[in-house]
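Here the structure of chain B is known, so what remains is to put chain H in place on it, guided by the hints.
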Amino acid sequence: MIKGNFIDNLPKVYGIYTGGFLAFIIIMSIAEQMGMTAKTIGICFVAFTVAIYAIIGYLSRTAQADAYYVAGRQVPTVFNGMATAADWMSGASFVAMAGGIYFKGYGYMALLVGWTGGYVLVASLLAPYLRKFGCYTVPDFIGTRYGGNLSRFMAVVVLTVASFTYVTAQINATGTIASVALDIPFQYAVYVGLISILLCSMLGGMRGVTWTQVAQYIVLIIAYLLPVFWISNKMGAGFFPHFMLADEVARIGELEQQYGFVKNAAADLKTVPKGLAGITKAHSAVNATPWAFISLALAMMMGTASLPHVMMRYFTTPSVKAARKSVGWSLFFIFLLYSSAPMLATLSKLSLIDPSLPTGIIGKSIAEVQAIDWYQNWNQANLMFVSDFNGNGTLELNEFFMGGKAVVLATPEIAGLPYVISGLVAAGGMAAAMSTADGLILAIANAISHDVYYKIIDPKAETAKRLVVARVLLVVIGFAGATIAALEIQGILGSVIWAFDFAMSGLFFPLVLGVWWKRANKEGAIAGMFLGLVSGAAYLIWVRSGGSGFLGITQLTFGIFGSAVSLVAMVVVSLMTQAPSAATQKMVDNVRVPAGKSVI
Amino acid sequence: MSKQEQHWEKTRGLLFMTLAIWFVFSIGIFLFGAEMNEVGGPFGYPLTYWFTCQGSLGIFVILIFWFANRQEKIDEEFGFSERGDD
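Going down the list, the sequences are from chains B and H. First residue of the first sequence? That's 1 in our numbering, and the numbers climb one at a time after it. First residue of the second sequence? That's 601 in our numbering, and the numbers climb one at a time after it.
Some hints here could point you the wrong way.
Here are the computed lysine-lysine pairs in the DSS-like style, where the Cα-Cα straight-line distance is at most 30 Å [as the list claims (entries may be wrong)]:
1) H/Lys610 x B/Lys597
2) B/Lys597 x H/Lys603
3) B/Lys597 x H/Lys673
4) B/Lys39 x H/Lys603
5) H/Lys673 x B/Lys586
6) H/Lys610 x B/Lys518
7) B/Lys465 x B/Lys274
8) B/Lys274 x B/Lys364
9) B/Lys518 x H/Lys603
10) H/Lys610 x B/Lys586
11) H/Lys673 x B/Lys364
12) B/Lys460 x B/Lys364
Derived from the structure by calculation, the hints contain no laboratory data.
This is chain B alone, in the form it adopts within the complex (with noise of 0.2 Å):
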């Protein structure tokens, strides 16, 4: 059913599609003012959507090698750019981001430039010549330039270990979605919301996870671009955010200055509810170190050059020059969702702590904050909370407590605007953490069936048995991952940035220095592999059991550790043992032209 006809058709396709979802939205808004409840609203987003996405999935079924590995290499640069931007963005970019900038401030704005900036390197050091190697999956890259089953084998662990760190928490924020929307019990809904991330991956494998990822990203960028420009129309802050908020940035800054930042005594913190914060630090001046910017920064470029899951949406391209231009396009599609995640975060701060606007509550007696209706609805989600702590009767900024999901989910309502709104960022943050669970599950399943099974076990296996070792592992991985998940063990941002950094200390040095070094041989790649990954572990659990660490480099930037080591091992261990043998030195040249056939 899909096949060349069909990608010649791609953009009509997509545009009938968000032409439909723009439907169903004017829809749902009408039938609120009819009179449809909130819930059902939110159940019939949810529903949609996902059901969407099956289909699509179901219509890309597959019994080729080719198709369900790498989407048949046939994805055009655009299409391409706007599946890695869904695969890339995940529930935490979507749900956490804007919160974590509210809260955090500049200290926390290293992770935005860090996620993009880790493109550049994904363009100019890896991306085109994976692509032109022409291999199925990351370590198939690495076993097959380094040479060996062990060196293929590491490259399998270092996948696992980062992916399946990532992949619990889109798992956990899939199933938070997914219990709220359909108001059910987040130990059931973590399978629910498997079992919707299955539907689009199981059938068609790589081609059923890219057309719905394409969806995918449709749906989310539509989900939070239009609350963003629709709050700051509302508010009078200026039709276009991004070019317009500067008063508002200064008024923020003026407002600290005014109220100060009051330090509370513990014994009061301890009444407030466990995930909550205040804001303690100032909005927009530079309130972290050059290093701890620099460092978290640098964390997140490297690990985003090393995540196999991204790293092998750009195998799917027809040529190494679609490769290229595909990163620019994935880059600019993240563009549109990051760089407006601090305006949602300036708005939102804005309308809740200017006692001018009507929806400011900082100033306002206690007892008058309790009463309002959006206040009781978040307090009752447990996610904002009040507390007269000097008993003056009025509300100050030290006494006023927010979750961080609050800054998307609930400044909607706070502006004023329709409970459709809600819904359709409910569907978003559900088509944003699915899409990178599909990605990552798949990653895993692939490296497993095809390095290990096909690869090391098994290289008689025919097609048909190896797609159903394929499928067979991605349920398993799948189940496994929900299984974690619920039992709610880490926050989504802590275990999202940890991936990052395990994927660094075991991947970044031997795939880039596998494309520029010709000298860098098997044992090399195994010792910095081996070395990275165990160093990088070994510095986490040193730290987080009461370890003072080093350099400033914290739970957060371990990666750097564990990538310096991974780096001197491989070098040290390269010239150590012989230089690569003749054929892999031509291999390599080979891949650093892009023209002829691949090299596999």
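Just chain H now, kept in the frame of chain B:
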């Protein structure tokens, strides 16, 4: 020097230039974050704040497209570009 070595030398030159620009806007300017934030930036935002919200991010987008075009020119110059796709 063979054609392929020349091609690789130019490719490497472009890489270093790309990484230098990348370094300035992802790391270099943030060494002076506090000082730069005293200065007004585009659209009236404080300068460092603007770079973290939009500036650096946008520059990375442009940088990748610029890099891709330059690399295509290099590949064409040596007859190494692929034909008939996109």
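Verification of the supplied hints:
1. H/Lys610 x B/Lys597: OK: H/Lys610 and B/Lys597 at ~22 Å, within 30 Å.
2. B/Lys597 x H/Lys603: The given pair, whose Cα atoms are some 18 Å apart, holds under the 30 Å limit.
3. B/Lys597 x H/Lys673: Roughly 20 Å separates the two Cα atoms, so the pair holds.
4. B/Lys39 x H/Lys603: Violated, because 67 Å separates the two Cα atoms, which is more than 30 Å.
5. H/Lys673 x B/Lys586: 24 Å, holds
6. H/Lys610 x B/Lys518: Roughly 17 Å separates the two Cα atoms, so the pair holds.
7. B/Lys465 x B/Lys274: With a Cα-Cα distance of about 49 Å, the restraint between B/Lys465 and B/Lys274 is violated, given a limit of 30 Å.
8. B/Lys274 x B/Lys364: 24 Å, holds
9. B/Lys518 x H/Lys603: 18 Å, holds
10. H/Lys610 x B/Lys586: 19 Å, holds
11. H/Lys673 x B/Lys364: 63 Å, violated
12. B/Lys460 x B/Lys364: 74 Å, violated
Of the numbered hints stated above, those contradicted by the structure are hints 4, 7, 11, 12, listed in ascending order.
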